[in-house]
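Engineer: Under UniProt numbering, the first residue of the sequence shown carries the number 1, and numbering increases by one thereafter.
Treat the hints with care, since some could be wrong.
What the hints assert, rightly or not - In silico lysine to any residue, SDA-like type, Cα no more than 20 Å apart, as pairs:
#: 1; residue 1: K233; residue 2: I193
#: 2; residue 1: K171; residue 2: D200
#: 3; residue 1: K233; residue 2: K123
#: 4; residue 1: K123; residue 2: N174
#: 5; residue 1: K234; residue 2: K171
#: 6; residue 1: K196; residue 2: C46
#: 7; residue 1: K262; residue 2: R54
#: 8; residue 1: K248; residue 2: T83
#: 9; residue 1: K340; residue 2: I322
#: 10; residue 1: K222; residue 2: S282
#: 11; residue 1: K234; residue 2: T83
#: 12; residue 1: K292; residue 2: R54
#: 13; residue 1: K234; residue 2: L317
#: 14; residue 1: K292; residue 2: E261
As the list claims (entries may be wrong) - Estimated spans, in silico, between C-beta atoms of each pair:
#: 15; residue 1: Q328; residue 2: T204; range: 40 to 48 Å
#: 16; residue 1: E280; residue 2: Q41; range: 44 to 52 Å
#: 17; residue 1: N124; residue 2: D281; range: 13 to 21 Å
#: 18; residue 1: Q326; residue 2: S297; range: 23 to 31 Å
#: 19; residue 1: K196; residue 2: N176; range: 32 to 40 Å
#: 20; residue 1: T204; residue 2: Q344; range: 18 to 26 Å
#: 21; residue 1: E80; residue 2: K340; range: 19 to 27 Å
#: 22; residue 1: T327; residue 2: N295; range: 23 to 31 Å
#: 23; residue 1: N206; residue 2: D273; range: 32 to 40 Å
#: 24; residue 1: K340; residue 2: R289; range: 38 to 46 Å
#: 25; residue 1: N197; residue 2: K249; range: 17 to 25 Å
#: 26; residue 1: T230; residue 2: E71; range: 35 to 43 Å
#: 27; residue 1: N206; residue 2: E280; range: 34 to 42 Å
#: 28; residue 1: K49; residue 2: Y319; range: 19 to 27 Å
Since the hints were derived computationally from the structure, they do not count as laboratory data. By construction, the Cβ of each residue, glycine as well, lies at the ideal position given by its N, Cα and C atoms.
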Amino acid sequence: MEKQEERCVEDSKKDQPTQEKGLMNIFMKSMGMNIDPAEAQYRLICYPKLINDRKEMESYASYIPWMTYREGFKSIGGYETDTGWGCMIRVAQMMLAYTLMRHFKHKMDCSQSQGLMVADIMKNILPLFLDNLAQHESPFSIQNIIKEGEKLIGKGAGEWYGAHSISQVIKTVNENYNMQYTTYKILTFNDGIIYKNEIDEVLTFNPLNGCCIIIPLRLGLKKIDKCYYTQIKKALSHPCSAGILGGKKTYALYCIGYFDEKLITQDPHTIQDVVDEIDEDSFSTYVSRGSKIINFSDSDTTMAFCFFCNCPEDAILLYESIEEWQTQANDQDEYLISIKEQKQEYVHDKDEGEIVDDFELL
């Protein structure tokens with residue numbers, strides 16, 4: 001399979017860190033590190049400072065649960081593996097898992113010891129993604145995502161999802177199966193416009209609510225226009241950033257940071273056995289074995305920018321930052337994202353339910 005798929009540009013393998021067993025150990029290590037940013041170059045969504053060492057960067061990146069191709073699960077549409085077609089679904093699962101971790105970490109009692117808190121987070125989150133048909137136990141399983149995708153956009157098992165279509169589908173999955181975890185909400189905004197009233201309503205309705213914001217965009221025809229490079233970096237540097245659903249054409253990657261004009265990504269294109277329960281051995285299969293690096297110029301122009309706000313103060317910070325990015329842009333055409341107070345009501349000529357992975361250019 002690997003020979004048939006275009007591989008990403010990556011740094012030398014000699015810099016790959018030794019794989020550490022268990023997300024908890026990696027998270028604990030990362031929380032205790034104190035890196036001198038004097039000559040920093042790597043920026044990650046899961047760490048607030050710049051990092052100047054590849055191995056240190058990889059350790060922080062491993063904090064994000066790694067979702068990959070799986071084989072041996074109960075047949076869906078005649079498929080017992082998602083190898084070759086499920087990469088964007090796995091990328092979306094990584095983003096969901098990461099934002100859920102941030103959500104539960106923020107809401108939990110900070111008096112708990114760090115180890116207990118992390119253990120509780122993992123105990124609650126990873127089972128939500130197991131590849132089975134238990135709708136309420138594993139709402140974000142590939143089976144449930146495919147089930148909703150078939151109903152919403154007519155895409156079943158074996159069909160490739162783009163950044164736009166997967167954004168709409170996971171929003172619906174969360175709405176339909178989010179029984180126990182009702183404080184985690186997903187909003188999607190098309191055309192690069194965020195409507196403040198929708199976010200504010202989620203965050204003020206219940207003080208425990210957290211809001212995952214997804215903004216699908218297209219940033220060029222065949223290549224990302226260079227005028228957007230700075231805006232991409234600013235988005236990934238923001239404290240509320242939850243990364244980008246992107247990659248190369250039909251080769252999805254979860255973009256979790258950058259350095260220079262390169263994206264740091266988590267790659268789902270590894271085939272692993274299906275996991276039925278989370279134990280010590282299966283836990284380690286959710287730990288990344290190293291990031292992939294791709295050039296901005298090699299990235300697919302279709303991306304979905306993701307942010308996560310745990311409280312109204314987070315949302316205010318995001319609004320202010322986006323407005324600042326607009327004032328710093330040389331031209332309105334360079335805006336990635338803009339803000340409006342609320343959506344105006346229009347009469348639409350075509351079905352609003354139609355979802356495609358093509359956009360008008362910004």
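Engineer: Would you mind confirming whether the straight-line C-alpha gap from K234 to L317 stays at or under 20 Å?
Structural biologist: holds (13 Å)
Engineer: Would the pair K233 and K123 pass a check requiring their Cα atoms to be no farther apart than 20 Å?
Structural biologist: violated (33 Å)
Engineer: Quickly compare the C-alpha distance for K196 and C46 to 20 Å and report which way the hint goes.
Structural biologist: violated (25 Å)
Engineer: May I ask you to test the hint 35 to 43 Å on the CB atoms belonging to T230 and E71?
Structural biologist: For T230 and E71 the Cβ distance comes to about 41 Å; the hint holds.
Engineer: Would you check the hint for K292 and R54, treating anything up to 20 Å between C-alpha atoms as holding?
Structural biologist: Status holds; Cα separation ~12 Å.
Engineer: Take the C-alpha atoms of K171 and D200, compute the straight-line distance between them, and say whether it is at most 20 Å.
Structural biologist: The given pair, whose Cα atoms are some 18 Å apart, holds under the 20 Å limit.
Engineer: Are N206 and E280 spaced within 34 to 42 Å by their CB atoms?
Structural biologist: holds (35 Å)
Engineer: Quick check: does the Cβ-Cβ distance between E280 and Q41 fall within 44 to 52 Å?
Structural biologist: Violated: the Cβ-Cβ distance is about 35 Å, outside 44 to 52 Å.
Engineer: Between K248 and T83, does the CA-CA distance stay at or below 20 Å?
Structural biologist: holds (16 Å)
Engineer: Can you let me know if the beta-carbon spacing of K196 and N176 is within 32 to 40 Å?
Structural biologist: violated (26 Å)
Engineer: Okay, K49 versus Y319 on CB: inside 19 to 27 Å?
Structural biologist: holds (24 Å)
Engineer: Looking only at beta-carbon atoms, does the pair E80, K340 fall within the given range of 19 to 27 Å?
Structural biologist: violated (46 Å)
Hints 3, 5, 6, 10, 11, 15, 16, 19, 21, 25 from the earlier list are contradicted by this structure; the remaining hints agree with it.
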